[in-house]
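Asker: Here are the chains, one letter per residue:
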Amino acid sequence: MNGRVRKSVPWQRHWLGFLLLAAVLLAVPFVAALAGQAWVRIANFAILYVFLALGLNIVVGYAGLLDLGYVAFYAVGAYTYALLASPHFGIHLPFWVILPIGAGFACMFGVLLGAPTLKLRGDYLAIVTLGFGEIVRIFMNNLNAPINVTNGAQGITLIDPIRMGDFSFAQTSTVLGVTLSGPQKYYFLLVALALLVILVNIRLQDSRIGRAWQAIREDEVAAKACGINTRNIKLLAFAMGASFGGVAGGVFSAMQGFVSPESFSLMESITILAMVVLGGMGHIPGVILGAVLLTGLPEALRYGIEPLQRALFGRMIIDPESLRMLVFGLALVLVMRFRPAGLWPSSQRRRELSESTD
Amino acid sequence: MSEKQLLLEAHDVAKHFGGVKALHDVSLTIRRGEIYGLIGPNGAGKTTFFNCLTGLYKNESGHFIFDGVRLEADAPHKAAEVGIARTFQNIRLFGNMTAIENVMVGRHLRTHAGVVGAITRNAATRREEAAISRRADELLHYVGIHERAHDYAKHLSYGDQRRLEIARALATEPKLLALDEPAAGMNGTETEALRLLVEGICRDGVTVLLIEHDVKLVMGLCGRVAVLDYGEKICEDVPAVVQKDPRVIEAYLGGSVA
Chain S
68 MNGRVRKSVP WQRHWLGFLL LAAVLLAVPF VAALAGQAWV RIANFAILYV
118 FLALGLNIVV GYAGLLDLGY VAFYAVGAYT YALLASPHFG IHLPFWVILP
168 IGAGFACMFG VLLGAPTLKL RGDYLAIVTL GFGEIVRIFM NNLNAPINVT
218 NGAQGITLID PIRMGDFSFA QTSTVLGVTL SGPQKYYFLL VALALLVILV
268 NIRLQDSRIG RAWQAIREDE VAAKACGINT RNIKLLAFAM GASFGGVAGG
318 VFSAMQGFVS PESFSLMESI TILAMVVLGG MGHIPGVILG AVLLTGLPEA
368 LRYGIEPLQR ALFGRMIIDP ESLRMLVFGL ALVLVMRFRP AGLWPSSQRR
418 RELSESTD
Chain X
12 MSEKQLLLEA HDVAKHFGGV KALHDVSLTI RRGEIYGLIG PNGAGKTTFF
62 NCLTGLYKNE SGHFIFDGVR LEADAPHKAA EVGIARTFQN IRLFGNMTAI
112 ENVMVGRHLR THAGVVGAIT RNAATRREEA AISRRADELL HYVGIHERAH
162 DYAKHLSYGD QRRLEIARAL ATEPKLLALD EPAAGMNGTE TEALRLLVEG
212 ICRDGVTVLL IEHDVKLVMG LCGRVAVLDY GEKICEDVPA VVQKDPRVIE
262 AYLGGSVA
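Residue numbers (my numbering), protein chains in the order written: chain S, 68 to 425; chain X, 12 to 269.
Treat the hints as calculated values from the structure; they're not laboratory data.
A few of these clues could be false.
[As the list claims (entries may be wrong)] With a Cα cut of at most 27 Å, we get these calculated DSS-like pairs of lysine-lysine:
{"id": "1", "chain 1": "S", "residue 1": "Lys186", "chain 2": "X", "residue 2": "Lys69"}
{"id": "2", "chain 1": "X", "residue 1": "Lys89", "chain 2": "X", "residue 2": "Lys227"}
{"id": "3", "chain 1": "X", "residue 1": "Lys89", "chain 2": "X", "residue 2": "Lys32"}
{"id": "4", "chain 1": "X", "residue 1": "Lys69", "chain 2": "X", "residue 2": "Lys89"}
{"id": "5", "chain 1": "S", "residue 1": "Lys186", "chain 2": "X", "residue 2": "Lys227"}
{"id": "6", "chain 1": "X", "residue 1": "Lys186", "chain 2": "X", "residue 2": "Lys227"}
[To be verified] The following residues of chain S were derived to be distant from chain X, with all beta-carbon distances above 12 Å:
{"id": "7", "residue": "Tyr191"}
{"id": "8", "residue": "Cys293"}
{"id": "9", "residue": "Gly381"}
[Unchecked claim] Taking beta-carbon pairs under 10 Å as the criterion, some of the chain X residues facing chain S (in silico):
{"id": "10", "residue": "Ala86"}
{"id": "11", "residue": "His119"}
{"id": "12", "residue": "Gly155"}
None of the values given here were measured: they were computed from a predicted structure.
Yeah, the Cβ is synthetic: ideal placement off N, Cα and C, and Gly gets one too.
One chain only, chain X, in its complex shape (with noise of 0.2 Å):
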């Protein structure tokens, strides 16, 4: 595979908190466009991992090559200026800000205003403010929650709080949008239009990495997936095969499968 077409490259990445090896050696690869779903049972160093991509953990060994370029991701805001923007598994929204301000903070990033900007409210500045809460007001219609745009994010349902977050991450202008279980807790109709949602982001042109419980919308959703068990990759394919695969079965089920 030509270099232009991998976006990520996680090369033997190992992580362990005391005696406990969370992350044992992970390579993987991510293409450019592709959905990628990361699953796995609970425990098994998922989140671990993301927290290593973005900067949130220091990973022991290993490293990641993003974009061409080696990640070194000693602090989470230099992940996201490289173009890497997440969504936590337990929601971590401003609160006691509202929806749009939410959106306005993730474009803290590609903006410039500074302290002397901010007191003089120059001509620069008040184009740049218009531009943030315009283009907060776009990603709100664009995850379909903009009539909320007022209220507060602690007052969001929880659905609607998930996908703030995914316009969040998406105002920093990402690469590669990390989704950490954006269904947990979700029925039936919303997890429908989150996969509808998150097909549209894709289809934008930003690189989604999966990850989820919910195998039936893993399958449904990502062009590969790779399986996590006790902090190694124990699978790496197209949906269909890793359904089969006797050892994610074991993982998943505990013992072996006759």
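Next up, chain S with everything else stripped away, as it sits in the complex (with noise of 0.2 Å):
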């Protein structure tokens, strides 16, 4: 019988694999420094993604519930540790004070959005979570006035780097004789998280909580029948999902320095939303793939695009700019025409897609 299912992968079974994958996350940072500093930011905001998409699928690939706003939590993250830890307010918190405090900011963002939203589903919650999305970039737009808290369009500068005592991440230091720069300090720092976030989906894929998720995405009727409170299970997805959103926009604003309201459009939420569907929604190492392509896609169109056409043409054609949306997007339609359930999908999820009849 072809429906059995393939429980998870014990470690010991693939320990090679895993030893492999853990030389290839401790050689990209020195690969990629070779061609540049620029490329060590890529692969940082690559693992940043992957963190973001993994939030995000706690509410849309456990709980089914889709979220089209998830960047407003990423923005309230980014924004509690800007205020925070800049000359804005004078206030300089350490990092791992505000941390937690972006993260329980976010999770009650969460719980706002989510409570008056319960009783919507599919395409009438994208709509209100849209608009939660816009409305919490639109705050950040305008709250200069009449007291200025957010600095407006201008954003927030000088926003202080995460610092551990005399271990700043900001500059180039030598650990245990290796000399790190900035960047490359981030990406150790971000994959750490992103392994703390994959330990989380997974062992709430498998748990009583996981496993209520699931059935209020198969049918919410029947879980309510089997005694499962889908209002607090529901609102749990969405805290839970806003959380991580909101630690990440906490790194964000660390390492970048500056943050914006331009840096939380919608256009944002799609693309985390995007990652997840595109990866193989609900399933682990498919929505690390999806994030991970779709943020080193455009950048290695953008540097790759002119020299090719150099090459091929002897002069610049189409502006690298509007072809690399162009291939982005062509992308994405073909990926989902040909592979609806993502590139890398749980076989339940293939499963669910291929038999849609019944």
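Combine both chains into one complex, guided by the hints.
Answerer: Given below as structure tokens:
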């Protein structure tokens, strides 16, 4: 019977794979640095998006709640960090104090968004969350009067980098005989955070709460009849997803040293959702792949198109910026056409889509 | 009858949809340990009664007293919590979860692990998870589909899906199991097997409320039967009496019988 479910991969059987993966993860910032620190930053963003996408995966992939305003929580986390660690208010709290505050704030916003939308599903929910995301962004944009909280469209600058005692993530320093640049240090911090969110995703999936989310996704009425308090369990999904968004926002803020409402547009929400869907909703390796590809591909195109055109035609024919989005959009369409369950879906999800008639 | 013997009392339960009176002041009592049948022609209000009882609908008037306590059935999960489990007329399983996972979801109510437990996988959570899957396995054995434990629910045969739904309902440790047309679409052998299963469930101490179209099954299985017609209870008695009641015959055959 091919309907059997394969249980999660045991570490023992794939230790070689994990070892290789660890080696690659270790090597990436050094290899990327050969091509310039810009590439290390791109790698950092790829991992930051892995983190965000896996946070959103809890809401969309596990609980089946289509959230188009996820970036709002990212924004809340980013601004929390920015306001509590910059000259804007003259407050300079250490990051390990701010990150939990940011996560808590984002979590609160998650519940705030979740509560009024509990009865909504699918497209209706998507529209409300979309509105919510925009509201948060517009607030950030306009909260500079009468009291200047967010500094409006100019954003907040000179945000403190993450610092532990004398060890600052902003400068180059030598750790255990290895010279690490700022972006390289952030890389390792981000990898650690990403591993944490992966662990949380894996553990939740196969738990009492994870099953309740899946049950709600499958049939909400039956889930209620089974005694699941769907209100609380859905709010929990929103809150958890949101707190991860908040943490990601905090790190983003520290890494960039600058935040403005521009970074939290609807396009950003959609990109994160696209990572989840394109990679394979509800499937952790798929979501990771989606996030890495959707961050890496546009950048590769940005840097690759111009030399390619010069090599082929001897001059620039099409502006790289416009071609980049074209290729990107086309890639999305093709993936969804030929792999509707995502690039790397779970066996279960593939089945759902291939047998949508029953 | 002493209070202790009564598990469920419905008092003048009424529900209408717009101008349609789906239930008109229906009162009935179910005793502990019996198999109680609820029959009636299509559209008589049987499923509406179920939905009011289990909190999916809010009845306009009347109330339920379950196990001596008035039901504030404003949310279905609360009905499950006090001990009313149900199945659905049009089977509602979690199709893309395996059979055993479906039953494990039924254990949600009686277990406690939260997010922290799930993430840290501490000893208490591991113990609870083991207990959940053990109990789910037992229940699959109990309804006789354990060899399909790791198949997706939607890949089970029709009869097995009905059984799985019963196992999932039993996982919530109900005092009252409400079955909505469990024999619908079953052949003779499957119906007979279902009859044995329901009898067994009742013997093991769970009171059963059964909506059914298969009159033969109801008559053979139920201790007492109520008949609904156009949202009103027209008769309530032991099967032998109900069968001969002229109002029942009229409701089923239409027109008067000479």
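Asker: Hint by hint, note whether the structure agrees.
Answerer: Now the hints, each set against the structure:
1. Lys186(S) <-> Lys69(X): holds (16 Å)
2. Lys89(X) <-> Lys227(X): violated (34 Å)
3. Lys89(X) <-> Lys32(X): OK: Lys89(X) and Lys32(X) at ~26 Å, within 27 Å.
4. Lys69(X) <-> Lys89(X): With Cα atoms ~13 Å apart, Lys69(X) and Lys89(X) stay inside 27 Å; holds.
5. Lys186(S) <-> Lys227(X): violated (41 Å)
6. Lys186(X) <-> Lys227(X): Since the Cα atoms of Lys186(X) and Lys227(X) sit roughly 25 Å apart, the hinted pair holds (cutoff 27 Å).
7. Tyr191: At about 20 Å from chain X, Tyr191(S) clears the 12 Å cut-off, so the statement holds.
8. Cys293: Label violated. Min Cβ-Cβ 5 Å, cutoff 12 Å.
9. Gly381: Since the minimum Cβ distance to chain X is about 54 Å, Gly381(S) lies beyond 12 Å and the statement holds.
10. Ala86: holds (7 Å)
11. His119: holds (5 Å)
12. Gly155: violated (17 Å)
The structure shown violates the earlier hints numbered 2, 5, 8, 12.
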